[in-house]
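J.: Sequence:
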Amino acid sequence: MNTGEAGHWFSRCERATQEWLLANPGAALPLTAFDAVIGAGGTPVRIQTPDGARSEAYYLHPADSEYLTELRAAGLSGNGR
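Just so we're aligned, residue 1 is where the sequence shown starts under my numbering, counting upward by one.
In short, the hints are calculated from the structure, not lab data. All of these numbers come straight from a predicted model, not from anything done at the bench. Just so it is clear, CB atoms sit at the ideal spot from N, CA and C, and this is done for glycine as well. Any given hint could turn out to be false.
As the list claims (entries may be wrong) - Cβ-Cβ distance ranges computed for the label pairs, FRET-style:
id, residue 1, residue 2, range
1, A23, T43, 33 to 43 Å
2, A53, G75, 34 to 44 Å
3, P62, P30, 15 to 25 Å
Could you build all of it, start to finish, from the sequences and the hints given here?
T.: Spelled out as C-alpha cells, the structure:
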C-alpha cells in the first residue's frame, strides 16, 4: 500500500491495520490497532465526551485522522485497494 509519505507512522503499520484504520474512520481503536499505532510511532488520544469527561477509549490524533481522510480521498480504501 503506497501512502505517498513513507515517513508517516501509518506506512509502518501492517497492511491489516492500515486497512482497518482506513475502513473505520473516527472509530475507537481496538487494542490491536492501538498497539500497532503506538508501535509505528503514532500517538492515540482520549477525546472529550459531551459531558466534559475524557473518553475511556483511545482514538487517532485529529491530525492523523485528517491524514487518513486525505488518503481515502486520494483513492486508498480499507478493502485492500
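J.: Is 15 to 25 Å a correct range for the gap between the Cβ atoms of P62 and P30?
T.: holds (19 Å)
J.: When you take the CB atoms of A23 and T43, is the distance between them in 33 to 43 Å?
T.: violated (21 Å)
J.: Okay, A53 versus G75 on CB: inside 34 to 44 Å?
T.: Holds: the Cβ-Cβ distance is about 38 Å, inside 34 to 44 Å.
Violated hints amount to a single one, hint 1; each of the other numbered hints is respected by the structure.
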